[in-house]
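Visitor: So you can see what is in the structure, the chains are spelled out below.
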Amino acid sequence: MADINPLLPVSSSDGSSNLTGQATCRRPIKVVVSIFFGLLTLGLFAALLIRNNGPVDYVDVHENERGSLASTAFEKAENLKPVSRGPAAGVSEKSNWAFGGDLPDYPWNNSMLSWQRTAFHFQPEKNWMNDPNGPLFYKGWYHFFYQYNPNAPVWGDIVWGHAVSKDLIHWLHLPLAMVADQWYDKNGVWTGSATILHDGKIVMLYTGSTTEGVQVQNLAYPADQYDPLLVHWVKYPRNPVLVPPPGIGPNDFRDPTTAWLTSEGKWRITIGSKINKTGIALVYDTKDFINYEMLDGLLHAVPGTGMWECVDFFPVSETENNGLETSINGHGIKHVVKASLDDDRHDYYAIGTYNDRNGTWIPDRPNIDVGIGLRYDYGIYYAAKTFYDQNKKRRVLWGWIGESDSEAADVKKGWASVQSIPRTILFDKKTGTHLLQWPVEEIDSLRLKGKEFNQVRIQAGSVVPLDIDSATQLDIIAEFKIDSDALDKATGSSDASFDCVTSGGAAERGALGPFGLLVLADERLSEQTPVYFYMTKGSDGNLKTFFCNDQSRSSKASDVDKHIYGSLVPVLRGENLSIRILVDHSIIESFGQGGRTVITSRVYPTKAIHGAAKVFLFNNATELNVTASLKTWQMNSAFIQPYPNL
Amino acid sequence: MNNTVSFALLHFAFCFTLVSFTPISALELHGTGANMVETTCQKTPFYNLCISALKSDPRSSGANVAGLAQIGTDKLKAKATATLRQITALLKVAKDPKLKMALRDCADYYNAIVKYDIPVAVEAVTKGDPKFGVEGATDAANEADACGRGFKNQPKFPIYASNKVVHDLSAVVASIVQLLL
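Going down the list, the sequences are from chains A and B. Quick note on full-length UniProt numbering: the first sequence kicks off at 1 and runs consecutively. Quick note on full-length UniProt numbering: the second sequence kicks off at 1 and runs consecutively.
Bound conformation, chain A alone (with noise of 0.2 Å):
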């Protein structure tokens, strides 16, 4: 009989083997079971195999701990894939800080790092700054707290950081307000909000990380109310006054706002929060800052954004030019919610209307509702507050502005991050959708030398220089006047695409734009900034106008962003466009169009500076005459520094 298995014995003659005296039906059964063990055999040897040849595996790569100097198998320095700096939400990985990807690292050198340092923003003498805390006005002083680390210039060991001012731009510094000596705040004494009660007193409700790394509320007070300087502060002693309540994650429950009232009487809160993807915020009512009774219903939530921190809510008038204070309700007021975006680091606002009743709160506009709508800035802007300044009756807006350039940089010169000059907030009746901010008036006591330009014609494809001395320390205003036949010959296009963001930047030639300011530019134009305006005409004849803020050519440095910051800026019949723009070294708030859209960045450049910095006009436009008028100043340092004597 043949064998028609090789991986079956061959019959021996020993007689033990009976195999071919079997019935035909033995055989079979004895054929699948060798075969479906020599398959699964086959498969487990195919497996190992197919493993060990995979990819690279970390356990695997133990090249010699010695490196190799003699070694032969070097390998040329592959060009690594660099990724962007925080949250890539909405980012290209294209368009990512590694624009000068191939080049070395920039050598920073000490002059490049030092004058990077601002001269009239605030921040601390050293290390790293994040949220505003607490901005409160008391006793003929503006007080300003904030997250800090007293020991590096990175994120960590948060404590509270004090300052005070007469003007809210001339700071002083205090000694820490509050550090984390207790287990209710023991991982980090974050962010949180004062509210001044009707006798005059403060309470200030902030998060405090556990010992279990668990987000809980807790209350603190003036050691000392009748210390106007607030130097020394008490936490209750039987904090926490507030827990992440059932159906809330212990690390999703941050940054109680301040209180208003309702019309019980009680005092109101509200906290960010998620639920899966949903952003949220939690209310809470309280008599005594103690105890609270969480209500059923959210002040409101949006699906799709995620983590809502820092949430800020404050009333707005519809009529008047001044600001609300937060527990003001009524006929004429509308109410913003404000939230700072976990997932993209972008604080978003929307203004509707406020049920006192059952403390919720609804957008006028629900397409533009909070997180994917309006911003308060289209730069470098997160975790803003306002509070009501009761000394001028306006509202005042805090923002935190971190560093754009690397880290090893920020190591190197030793602090990270700014505030942004304090803005009042103004409801824009002009559009009534957008809110205005402006830098408060006090900057303008900075303003030293000024010069005029008036009528300045910027023909199409030119830049303009101005003749101003220094250029780091600036406060321009600015006016530009087009054609209006300009405007009404040009032909429409259904290229309705046009963003800042995804542009070309200020090299990309539109027929109506880009035009606006080079600021921190040299000379030769090697390193710029330009913040300009850049308008387009769709096919219905209707025209849209963007303000943007271009850092792709503003630093021969591979190691800073890149980006190009902007956004639509609505602009009204009649109005001309307009621009605001504070320069202070490595920091730059451009206002366009009175405030109604703006653009902070960091700037970090290696040859315009100092002395080198300039300032140029620039029209871009193919099709398009310009006209600015505009103001400069120099202006003085805040001289921040220590309180003194204290």
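You may find that some hints are simply not true.
[What the hints assert, rightly or not] These stretches of chain B come out as covered by chain A in the derived footprint (C-beta under 8 Å, 3 or more residues): (1) 57-63; (2) 120-131; (3) 137-148.
Simulated from the structure, these hints should not be mistaken for laboratory data. Computed from a prediction, not measured in an experiment: that's the story for all the values here. Quick reminder that beta carbons are idealized off the backbone N, C-alpha and C, glycines included.
Assemble the complex: chain A is given as a structure, and chain B must be docked to it using the hints.
Guide: What follows is chain B alone, placed relative to chain A:
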């Protein structure tokens, strides 16, 4: 019949032995621990590296995403510290001035990674403000990248492999921490 049975048993025993010597991870078909690691690693840019880094730590089975993030940062810290030691050792014997300069720059970058970036990432994850963790890990990737760029015009890049692992693992950790937002 006996032969059939013994033959089958022999095959079975053989296969069973093979199974026990093959790393379990290649054969696990179910179990929430393995799934969590796999699904998490799928969301990172370097899947295989992520899998080996996490699975080489026994804590990874049964860990949640925050736990995996912590394991990832531990691995990253170990690798970055080892690479820094490598760089220091190389600096002692290097003679070529250009090579020395590139190595010195890398030492700076790795000091930043070990002293700042990784502690920030660890603190952010354990204390519950993950966005700073994403930034810390991303910074580490960028520092490693910067170190590599310094060798662009050099004929030899002795720490190429270690540096690549630090870069890639940093990117992996950044992606994992991002999931906590």
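Visitor: For each hint, tell me whether it holds in the structure or not.
Guide: Status of each hint after checking the structure:
1. Figure legend: the segment 57-63 of chain B, annotated as covered by chain A; annotation inconsistent (0 residues with Cβ-Cβ distances under 8 Å, at least 3 required).
2. For the segment 120-131 of chain B, the assignment as covered by chain A holds, since 9 residues bring a beta-carbon within under 8 Å of that chain's beta-carbons and 3 suffice.
3. Closer than 8 Å: that is the beta-carbon criterion, and the segment 137-148 of chain B has 9 residues meeting it against chain A, so the requirement of 3 holds.
Checked against the numbered hints listed earlier, the structure breaks hint 1 alone; every other hint is satisfied.
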